[in-house]
Amino acid sequence: MATRWFGAPVQRIEDPRLLRGRGTYVDDIDLPEMLHAAVLRSTHARARILSIDTSAARALPGVHLVLTASNLGQVLEPSPLLVPHHALTQPRTQLPLALDEVHYVGEAVAFVVADNRYIAEDALDLIDVEYDPLPVVHSLETAAAEDAPLVHADVPGNVAAHLVQVVGDPDAVFASAAHVLHETLLMDRGAAMPMECRGVLARWDAHEGLLTCWISTQGPIPIRNGLAAIFHLPEHKVRVIAPDVGGGFGTKIMMFYPEEILVPFAAIHLGRPVKWIEDRREHFISANQERSQLHEVEYAFDDQGILMAVRDKFLHDTGAYTPYGIIVPIITACTLPGPYRLKNYYSEFKVLYTNKVPVSPYRGAGRPHAVFVMERIMDRIAKELNIDRAEVRSRNFISPDEFPWDVGLVYQDGGPTKYDSGNYQAGLDKLKALLDYDNFPAMQADARKQGRYLGLGIGCYVEGTGIGPYEGAQVRVESDGRVFASTGVTTQGQAHFTTFAQIVADQLGVDPKDVLVTTGDTHAFYWGVGTYASRAATIAGSAMYLAAVKVREKAKQVAADLFEASPDDIELADGKVFVKDAPHRALTLGQVAISANPLRYAYGENARKLMSMNLAGPRPGPALSQERGAPGLEASEFYSPPHGSFASGVHGAIIEVDPKTGMVTFHKYAAVHDCGRVINPIVVEGQVHGGVAQGIGGAFFERLVYDEEGQLINASFMDYLLPTAAEIPPIEVDHVETPSPLNPLGVKGAGEAGVIPVPALFASAIDNALSQFGLRVREMPLHPRRLYELLQESKG
Amino acid sequence: MQEQEEETPVFTEECTISVTVNGHRYEQRVPVRLLLSDFLRHEIHHTGTHIGCEHGVCGCCTVLLNGEAVRSCLMFAVQADGMVVTTIEGMAGTNSHLHPIQQAFQEKHGLQCGFCTPGIIMSVHAMLHENPNPSDDEIRHELSGNICRCTGYQNIVEAVRLAAERLREHHTEVQ
Amino acid sequence: MKPPRFQYCAPRILDEALTLLDQNGDDTKVLAGGQSFVPLLNMRLAAPAYIVDINHISELNYIEHEDGYLAIGATVRQRQVERSALVQEKHPLLVEAVKHIGHMQIRNRGTIVGSIAHADPGAELPALLTCLNGEVLVQSSRGERVIKAEEFFTGYLSTALEPGEMLTEVRFPLIASQAGWAFIEFSRRSGDYALVGAAAVLTPTADNRCMSAYIAYLGIAGAPMRGRAVEDALAGTMLDESTLDAAAEAARTLVSDDMSDVHATAEYRRVLTAELTKRLLKAAWERRRH
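Chains as they are written, first to last, in the numbering used here: chain C, 1 to 796; chain S, 1001 to 1175; chain W, 2001 to 2290.
Treat the hints with caution; some may be incorrect.
[As the list claims (entries may be wrong)] Listed below are several chain C residues computed to face chain S (Cβ distance under 10 angstroms; list not exhaustive): (1) Glu14; (2) Asp15; (3) Pro16; (4) Asp27; (5) Asp28; (6) Arg117; (7) Glu196; (8) Gly246; (9) Asp279; (10) Gly690; (11) Ala693; (12) Pro723; (13) Ile728.
[Unchecked claim] 30 angstroms max Cα-Cα, derived DSS-like pairs, lysine-lysine: (14) W:Lys2282 <-> C:Lys795; (15) C:Lys580 <-> C:Lys609; (16) W:Lys2148 <-> W:Lys2090; (17) W:Lys2278 <-> C:Lys449; (18) C:Lys343 <-> C:Lys313; (19) C:Lys660 <-> W:Lys2099; (20) W:Lys2278 <-> C:Lys660; (21) W:Lys2278 <-> C:Lys668; (22) C:Lys609 <-> C:Lys556; (23) C:Lys449 <-> W:Lys2282; (24) C:Lys668 <-> W:Lys2099; (25) C:Lys313 <-> C:Lys383; (26) C:Lys513 <-> C:Lys550; (27) C:Lys383 <-> C:Lys449; (28) W:Lys2282 <-> C:Lys660; (29) C:Lys418 <-> C:Lys430.
[Claimed, not checked] Here chain W is said to cover these stretches of chain S; the calculated rule only asks that three of the stretch's residues, wherever they fall, bring their Cβ under 8 angstroms from a Cβ of chain W: (30) 1007-1013; (31) 1049-1056; (32) 1118-1132.
Everything labelled a hint here was simulated from the structure, so no lab data went into it.
All C-beta atoms, glycine included, are put in the ideal place defined by N, C-alpha and C.
Start from the sequences and build out the full structure, keeping to the hints where you can.
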């Protein structure tokens, strides 16, 4: 059927509330008798805890509870490992409070609950911890060294995991290739930095035996399941709600953070609601980080620039624990082949522990690293053979008629890395047009004459999205005609309240404004996983669609009975249901909902009007026949993809480098992306814009700097530089659309796309700007001082 | 403060303050160290002003103090005694239509998670009052005191441009 | 990040403030704009037992044109100076420097005198004051004294203020009408503390040579650094390319070895300082009237 809302740039339904400051983020919730918590965090990256004296803190007026590990009883156990994997032979997860040893600066050591946060922080100052510092593993190099100190005493060599994957016969190809090159490529730590820090509010209702938690999280359902297990409660007696969340970007899909266990524990213990709101300094040292990998890559290519084999060995820094398994490096390994025909590929990675904040996915989740490596390879091949960079890529692209394309690796979902559809050349063509690529050399040459150094960089990527295992949705029409839709995924700004409403509105013939979407409340929808990995629109959206289709079919069935017509002749439009060609004799959707519930009574305007209409009575037999199914206009459906779908894109930028200072400005940024069919184009573009900005931040402004004691030395917004509106250029977006054959909507994920190719294209642009000096960027993020140094090295 | 003018002021840890917020006068006894941001959010329950950093960089906590945009996390509530504060809750009119700035943000998709949005709107309000016809560069420069992690600023700039245009039109009409 | 406990007082008269400052010696801090101070309190990097809020002392809210300088009182906001018709007319260099301070939300509360008293090596106004050979008025219950800029800034976040003393006024000398001036800084983002920056005032002779040069840098040492070596390199010259190169080289020597932090090493600061110097001098010389 023709869709009115799918693909339309519908303005967001959630905006008026947020614009008025009427959002409800965790810290906005005030409960009677609520107390406030603060966490004492380790000041050492690695140390034995000799003693903790909490007596002065306990005695402070206004303090209700001080916890250390020894107070936690059964709850003192390592938090669940989220994604086990056979290669993760030495997983380690964190205790809610450190017991004998601390493993990173920021690790939770004690927990205070007081009348307000001010007093709670006063109490932290009174807690006396005696540490016995131990040698610190402050970097990947340190972790990998021969006689490295051990982050965990029982993990030899600091190796948490070791995984080798082989496609084809790379050894044979390397042996006979015309050209073989080798280099070391580095990407260093960064973090998502959502504007809202983390937060947990818990309330224990002893009468109902119900634990309710409001958490700034991307995954309330797994948290619900975990809390039920930890506190020995039935799952339906734990309700976890993700209210409005001020940005997640992966940081908040991590679970369990210790506070997610400590706050409910305290609430149950005290019999009063307890709220913990993370502050920004804590966020820097306890909210998960990512991005740190070191790659040694070898690649073989022929005289035409065809990439024939890649051997990539890398180290992945997981920080002090592996709460999220080894998802990120797996994704790196699987993303590296990109849009290219790579049939011989050796991938090996080791995941190493370091005494730093633990690592779990941050937007991109391993893909920026892979794209950095592969796109550096492409640029190098181009340079070696004196072929245009875009041309080299074109020669290596998988072509549109080669899908599905099996990369030959196992993806993060355990399924094959199998590209479902794509048209990479079309993307590159559009990008070249946006940047006026063919005329750039002339522009560049003119600028050089004026002593200015312009550079153009490009980056291509293929992005696995839309993985399972599944999501579900429920759609229900109530008797007043309003439509309610709920799902287990969450929302941190991706406009689910609008996009899901669009999907449902199309099926039910209503305005999206009349569809009230609930996300992230375990009492509103029981089953599901969460919002991450660019999957919510694809998986939950597909479930929404399937549920809405079911409700539509049911509405047609009920109306068909009432109008004594065939369901095929029933239409839904403008909130009404009618026999086609007879719209004057319509029922409202609410009236159909009432009719679908065979009670003797109903309330409201709709019910009264219904009774006065001359419609067919009920048929003989059971009121709820086998074919009628459940009462009401309601359906729950689940969607489980066969495997992930693969979005793609090409980005490019024109930058200017000041070689005297190493400063860089962006003149132009263009992004062409393909996420299959698009539910709401302004939402997708907004996601791309935001990702690009984080990518630019991660390429040139943001870097987490740890010293040799494992101290993060730039733990504030003054020193960790998030780009502002003055640093981010205007971003032009264009689209290619290769629908996914894997789901009913034909969509692919788009949430992470913006950030993925930015480090790669930035390096490409700098090389291009400074080509006369033979500079080759091999590390990200860069910053002016480092760029200046690299330039001097190239010159001298 | 309720010290009389003749008395020598003394050090205290609590004060009674009187602050006008969005046209409504609030009188409250507060600890002197209570930040203005916390006063607004938790004493008088205006939770639209958000806290992103508490060290004056992110701009989420921006409110108007006597008409000027300030970071409420860098002020104590006692310092706002006798002053007029405007928060995001005061932007929509009494008929609760969106303010033209808010309306422009809706139309241009200038927000995603909404957390930085109130601070940005207050800053934009102050900015356009001072400079009703800003160029894109000026908009970006003036916005650099507010960090957004979701939008990449693109649509925010467009929203400000549209808001500026509408406010200028309205101003011309009124005249 | 909530501040620790403290006792607070907000006098309305200067004499009362000075008395209060005396009461508890160096466990008392003055609060004016708070834009530098409150973050330190929130991070609990500062924990004074007593805070004297001077924002209500109306007698300190003045911008006055005195003989050869602008006198600015301790409660004047940076934004006031930015918008002041008097300052725009009499001292556009001061306006230019103030515009580089943070963002407008900071300048709406931050004070001119507060920035001077805080003495951050990356701040604009201490460097400007040093460039202009300005001075500050310091008062206590024991009396008052005037301190020249170069004696006032003693090091990283350190000044010549004694316990019980308060900065009540800063004096920015005016510059000659024919002098060219410039204020430039290199920073990572719009509104950041500068990596390095400088102010320059160059006065030409009748035959278009450099008669006098006043240059001061921020971000290259713990205190603002007067660039005498650079000034000497310019004296009597016409600021041709080779002179500017020499000036840039001289500027490099001014950068202190211990100016390395997460944003820049001392060596990189030297690189920036050299480049900054050339741009600064060109811009200032361009503005001269001859």
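Hint by hint, here is what the structure shows:
{"no.": "1", "hint": "Glu14", "in the structure": "holds (8 angstroms)"}
{"no.": "2", "hint": "Asp15", "in the structure": "holds (5 angstroms)"}
{"no.": "3", "hint": "Pro16", "in the structure": "holds (6 angstroms)"}
{"no.": "4", "hint": "Asp27", "in the structure": "holds (7 angstroms)"}
{"no.": "5", "hint": "Asp28", "in the structure": "holds (4 angstroms)"}
{"no.": "6", "hint": "Arg117", "in the structure": "holds (8 angstroms)"}
{"no.": "7", "hint": "Glu196", "in the structure": "holds (5 angstroms)"}
{"no.": "8", "hint": "Gly246", "in the structure": "holds (3 angstroms)"}
{"no.": "9", "hint": "Asp279", "in the structure": "holds (6 angstroms)"}
{"no.": "10", "hint": "Gly690", "in the structure": "holds (5 angstroms)"}
{"no.": "11", "hint": "Ala693", "in the structure": "holds (4 angstroms)"}
{"no.": "12", "hint": "Pro723", "in the structure": "holds (8 angstroms)"}
{"no.": "13", "hint": "Ile728", "in the structure": "holds (5 angstroms)"}
{"no.": "14", "hint": "W:Lys2282 <-> C:Lys795", "in the structure": "holds (27 angstroms)"}
{"no.": "15", "hint": "C:Lys580 <-> C:Lys609", "in the structure": "holds (21 angstroms)"}
{"no.": "16", "hint": "W:Lys2148 <-> W:Lys2090", "in the structure": "holds (21 angstroms)"}
{"no.": "17", "hint": "W:Lys2278 <-> C:Lys449", "in the structure": "holds (21 angstroms)"}
{"no.": "18", "hint": "C:Lys343 <-> C:Lys313", "in the structure": "holds (17 angstroms)"}
{"no.": "19", "hint": "C:Lys660 <-> W:Lys2099", "in the structure": "holds (25 angstroms)"}
{"no.": "20", "hint": "W:Lys2278 <-> C:Lys660", "in the structure": "holds (11 angstroms)"}
{"no.": "21", "hint": "W:Lys2278 <-> C:Lys668", "in the structure": "holds (28 angstroms)"}
{"no.": "22", "hint": "C:Lys609 <-> C:Lys556", "in the structure": "holds (19 angstroms)"}
{"no.": "23", "hint": "C:Lys449 <-> W:Lys2282", "in the structure": "holds (21 angstroms)"}
{"no.": "24", "hint": "C:Lys668 <-> W:Lys2099", "in the structure": "holds (27 angstroms)"}
{"no.": "25", "hint": "C:Lys313 <-> C:Lys383", "in the structure": "holds (23 angstroms)"}
{"no.": "26", "hint": "C:Lys513 <-> C:Lys550", "in the structure": "holds (20 angstroms)"}
{"no.": "27", "hint": "C:Lys383 <-> C:Lys449", "in the structure": "holds (23 angstroms)"}
{"no.": "28", "hint": "W:Lys2282 <-> C:Lys660", "in the structure": "holds (16 angstroms)"}
{"no.": "29", "hint": "C:Lys418 <-> C:Lys430", "in the structure": "holds (25 angstroms)"}
{"no.": "30", "hint": "1007-1013", "in the structure": "holds (count 6)"}
{"no.": "31", "hint": "1049-1056", "in the structure": "holds (count 3)"}
{"no.": "32", "hint": "1118-1132", "in the structure": "holds (count 3)"}
Consistency note: the structure conflicts with none of the earlier hints.
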